[in-house]
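Novice: Working from the sequences, and respecting the hints, build out all of it.
Note that the numbering used here has the sequence shown beginning at 1, numbered continuously upward.
Simulated from the structure, these hints should not be mistaken for laboratory data. Note that the Cβ used here is the ideal one computed from N, Cα and C, for glycine as well. Wrong hints could be hidden among the right ones.
The calculated lysine-lysine pairs, modelled on DSSO-like cross-linking and capped at a C-alpha distance of 27 angstroms, are [to be verified]: (1) 127 <-> 103; (2) 127 <-> 149; (3) 168 <-> 127; (4) 106 <-> 168.
Okay, the calculated beta carbon distance ranges per label pair [said to hold, decoys possible]: (5) 143 <-> 168: 38 to 48 angstroms; (6) 160 <-> 77: 37 to 47 angstroms; (7) 116 <-> 64: 27 to 37 angstroms; (8) 117 <-> 64: 33 to 43 angstroms.
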Amino acid sequence: MLQWDGDAGSIEINGAEFELRQLHWHSPSEHTINGNRFDLEAHLVHVSSDNRTAVIGVMYDIGRSDPLLAELEEKIRTSLAGNKTQENVGVIDPRHVRIGGRKYYKYLGSLTTPPCTEGVIWTINRKIMTVSREQVTALREAVHDHAEKNARPLQPINHREIHLFSPKHRPQGKSNN
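Specialist: Next up, the structure:
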(Lines of atoms letter the chains of each structure in order from A; the text may use other names.)
(Lines give C-alpha, C1' and ligand atoms only; values in the text may rest on other atoms or scores of the structure.)
Protein backbone atom coordinates (compact mmCIF):
# COMPACT_ATOMS: atom_id res chain seq x y z
CA MET A 1 0.00 0.00 0.00
CA LEU A 2 1.17 3.51 -0.78
CA GLN A 3 0.08 6.19 1.63
CA TRP A 4 0.20 9.96 1.15
CA ASP A 5 0.32 12.18 4.23
CA GLY A 6 0.40 15.54 2.51
CA ASP A 7 -1.37 17.04 -0.45
CA ALA A 8 -1.44 14.36 -3.13
CA GLY A 9 -4.33 15.81 -5.08
CA SER A 10 -8.07 15.49 -4.85
CA ILE A 11 -11.24 14.79 -6.81
CA GLU A 12 -14.57 16.56 -6.62
CA ILE A 13 -17.78 14.53 -6.46
CA ASN A 14 -21.17 16.22 -6.22
CA GLY A 15 -19.57 19.42 -4.93
CA ALA A 16 -17.50 17.72 -2.21
CA GLU A 17 -13.70 17.50 -2.30
CA PHE A 18 -12.08 14.13 -1.60
CA GLU A 19 -8.31 14.06 -0.87
CA LEU A 20 -6.17 11.16 -2.13
CA ARG A 21 -4.86 9.22 0.89
CA GLN A 22 -3.71 5.79 -0.31
CA LEU A 23 -3.28 3.38 -3.17
CA HIS A 24 -3.40 -0.39 -2.80
CA TRP A 25 -3.88 -3.41 -5.04
CA HIS A 26 -5.94 -6.61 -5.04
CA SER A 27 -5.26 -9.73 -7.07
CA PRO A 28 -7.46 -10.85 -8.70
CA SER A 29 -9.81 -7.90 -9.16
CA GLU A 30 -12.67 -7.39 -6.72
CA HIS A 31 -14.95 -6.02 -9.44
CA THR A 32 -16.00 -7.53 -12.74
CA ILE A 33 -16.96 -5.85 -15.98
CA ASN A 34 -19.47 -7.76 -18.08
CA GLY A 35 -18.73 -10.85 -15.97
CA ASN A 36 -14.95 -10.68 -16.51
CA ARG A 37 -12.61 -10.71 -13.52
CA PHE A 38 -9.16 -9.21 -14.06
CA ASP A 39 -5.63 -10.07 -12.88
CA LEU A 40 -5.21 -6.97 -10.70
CA GLU A 41 -7.23 -4.04 -9.39
CA ALA A 42 -5.83 -0.80 -7.99
CA HIS A 43 -7.83 1.22 -5.44
CA LEU A 44 -7.11 4.93 -5.10
CA VAL A 45 -8.75 5.79 -1.78
CA HIS A 46 -9.94 9.37 -1.22
CA VAL A 47 -11.42 10.88 1.96
CA SER A 48 -13.51 14.05 2.38
CA SER A 49 -13.28 16.54 5.25
CA ASP A 50 -16.43 14.99 6.76
CA ASN A 51 -14.81 11.52 6.58
CA ARG A 52 -16.70 10.11 3.60
CA THR A 53 -14.83 7.74 1.29
CA ALA A 54 -14.57 7.63 -2.50
CA VAL A 55 -12.52 4.97 -4.29
CA ILE A 56 -11.35 4.92 -7.88
CA GLY A 57 -10.81 1.37 -9.16
CA VAL A 58 -8.53 0.52 -12.09
CA MET A 59 -8.50 -2.98 -13.62
CA TYR A 60 -5.44 -4.65 -15.13
CA ASP A 61 -4.89 -7.64 -17.41
CA ILE A 62 -1.53 -9.34 -17.87
CA GLY A 63 0.44 -7.62 -20.62
CA ARG A 64 3.02 -4.84 -20.72
CA SER A 65 4.46 -3.70 -17.41
CA ASP A 66 2.84 -0.79 -15.59
CA PRO A 67 5.14 2.27 -15.39
CA LEU A 68 4.30 3.14 -11.76
CA LEU A 69 4.89 -0.43 -10.60
CA ALA A 70 8.12 -0.50 -12.61
CA GLU A 71 9.15 2.61 -10.64
CA LEU A 72 8.31 0.83 -7.36
CA GLU A 73 9.71 -2.64 -8.13
CA GLU A 74 13.16 -2.00 -6.66
CA LYS A 75 11.62 -0.71 -3.39
CA ILE A 76 9.28 -3.72 -3.24
CA ARG A 77 12.21 -6.14 -3.71
CA THR A 78 14.30 -4.27 -1.09
CA SER A 79 11.42 -4.51 1.36
CA LEU A 80 11.06 -8.25 0.68
CA ALA A 81 14.80 -8.89 1.03
CA GLY A 82 14.85 -7.10 4.38
CA ASN A 83 11.66 -8.84 5.52
CA LYS A 84 10.19 -5.41 6.28
CA THR A 85 6.49 -4.77 6.79
CA GLN A 86 6.90 -1.13 5.73
CA GLU A 87 9.26 0.55 3.34
CA ASN A 88 9.61 4.27 2.70
CA VAL A 89 9.43 4.57 -1.08
CA GLY A 90 10.16 8.29 -1.08
CA VAL A 91 8.07 10.76 -3.03
CA ILE A 92 5.66 9.14 -5.46
CA ASP A 93 3.75 11.49 -7.71
CA PRO A 94 0.14 10.24 -7.81
CA ARG A 95 -0.07 11.49 -11.40
CA HIS A 96 2.12 8.49 -12.28
CA VAL A 97 -0.90 6.25 -11.67
CA ARG A 98 -2.13 5.62 -15.19
CA ILE A 99 -5.90 5.46 -15.27
CA GLY A 100 -6.49 5.80 -19.01
CA GLY A 101 -9.91 6.02 -20.60
CA ARG A 102 -12.69 8.48 -19.94
CA LYS A 103 -15.63 6.13 -19.45
CA TYR A 104 -16.36 4.84 -15.99
CA TYR A 105 -18.91 3.04 -13.86
CA LYS A 106 -20.20 4.62 -10.67
CA TYR A 107 -22.19 3.21 -7.76
CA LEU A 108 -22.67 3.54 -4.01
CA GLY A 109 -21.25 0.49 -2.21
CA SER A 110 -19.01 -0.57 0.65
CA LEU A 111 -15.35 -0.99 1.46
CA THR A 112 -14.03 -4.39 0.37
CA THR A 113 -12.09 -4.99 3.59
CA PRO A 114 -13.51 -5.36 7.12
CA PRO A 115 -15.54 -3.73 8.52
CA CYS A 116 -16.89 -3.33 4.91
CA THR A 117 -18.31 0.11 5.73
CA GLU A 118 -21.23 1.16 3.51
CA GLY A 119 -21.66 4.54 1.81
CA VAL A 120 -18.49 4.41 -0.31
CA ILE A 121 -18.66 6.18 -3.67
CA TRP A 122 -17.10 3.78 -6.18
CA THR A 123 -15.83 4.92 -9.57
CA ILE A 124 -14.55 2.04 -11.73
CA ASN A 125 -12.56 2.91 -14.83
CA ARG A 126 -13.94 1.08 -17.88
CA LYS A 127 -10.58 1.00 -19.70
CA ILE A 128 -8.50 -2.04 -18.78
CA MET A 129 -4.81 -1.28 -18.21
CA THR A 130 -1.91 -3.77 -18.36
CA VAL A 131 0.56 -5.09 -15.82
CA SER A 132 3.26 -7.75 -16.13
CA ARG A 133 2.90 -11.13 -14.42
CA GLU A 134 6.13 -10.37 -12.52
CA GLN A 135 4.63 -7.15 -11.15
CA VAL A 136 1.52 -8.97 -9.91
CA THR A 137 3.76 -11.60 -8.26
CA ALA A 138 5.91 -8.90 -6.60
CA LEU A 139 2.81 -7.19 -5.18
CA ARG A 140 1.45 -10.50 -3.86
CA GLU A 141 4.79 -11.33 -2.20
CA ALA A 142 4.96 -7.85 -0.65
CA VAL A 143 1.68 -8.45 1.20
CA HIS A 144 3.41 -11.20 3.28
CA ASP A 145 0.20 -13.19 3.79
CA HIS A 146 1.33 -16.33 1.91
CA ALA A 147 -2.05 -16.42 0.18
CA GLU A 148 -2.54 -16.88 -3.52
CA LYS A 149 -5.10 -14.06 -3.63
CA ASN A 150 -5.85 -10.94 -1.60
CA ALA A 151 -9.25 -10.14 -3.08
CA ARG A 152 -12.65 -10.35 -1.47
CA PRO A 153 -14.91 -12.91 -3.14
CA LEU A 154 -17.34 -11.40 -5.62
CA GLN A 155 -20.44 -10.04 -3.90
CA PRO A 156 -24.00 -9.70 -5.18
CA ILE A 157 -24.86 -6.12 -6.15
CA ASN A 158 -27.95 -6.19 -3.91
CA HIS A 159 -30.15 -3.91 -6.02
CA ARG A 160 -27.48 -1.22 -6.27
CA GLU A 161 -27.72 0.95 -9.36
CA ILE A 162 -24.54 0.94 -11.43
CA HIS A 163 -24.25 3.76 -13.98
CA LEU A 164 -21.91 3.98 -16.96
CA PHE A 165 -20.67 7.52 -17.60
CA SER A 166 -19.10 8.78 -20.80
CA PRO A 167 -17.63 12.28 -21.33
CA LYS A 168 -20.21 13.22 -23.98
CA HIS A 169 -23.27 11.60 -22.45
CA ARG A 170 -25.26 11.26 -19.30
CA PRO A 171 -25.47 7.82 -17.60
CA GLN A 172 -25.86 5.07 -20.22
CA GLY A 173 -28.01 2.68 -18.28
CA LYS A 174 -28.24 1.11 -14.95
CA SER A 175 -28.59 -2.26 -13.35
CA ASN A 176 -30.40 -3.03 -10.15
CA ASN A 177 -30.07 -6.79 -9.85
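Novice: If a hint holds in the structure, say so; if it doesn't, say that too.
Specialist: Structure-based check of all given hints:
1. 127 <-> 103: holds (7 angstroms)
2. 127 <-> 149: Satisfied, since the Cα-Cα distance of roughly 23 angstroms is no more than 27 angstroms.
3. 168 <-> 127: Satisfied, since the Cα-Cα distance of roughly 16 angstroms is no more than 27 angstroms.
4. 106 <-> 168: holds (16 angstroms)
5. 143 <-> 168: 38 to 48 angstroms: This hint holds: roughly 40 angstroms between Cβ atoms.
6. 160 <-> 77: 37 to 47 angstroms: For residue 77 against residue 160, whose Cβ atoms are near 39 angstroms apart, the range 37 to 47 angstroms holds.
7. 116 <-> 64: 27 to 37 angstroms: holds (33 angstroms)
8. 117 <-> 64: 33 to 43 angstroms: The hint (33 to 43 angstroms, Cβ to Cβ) holds, given that residue 117 and residue 64 are roughly 35 angstroms apart.
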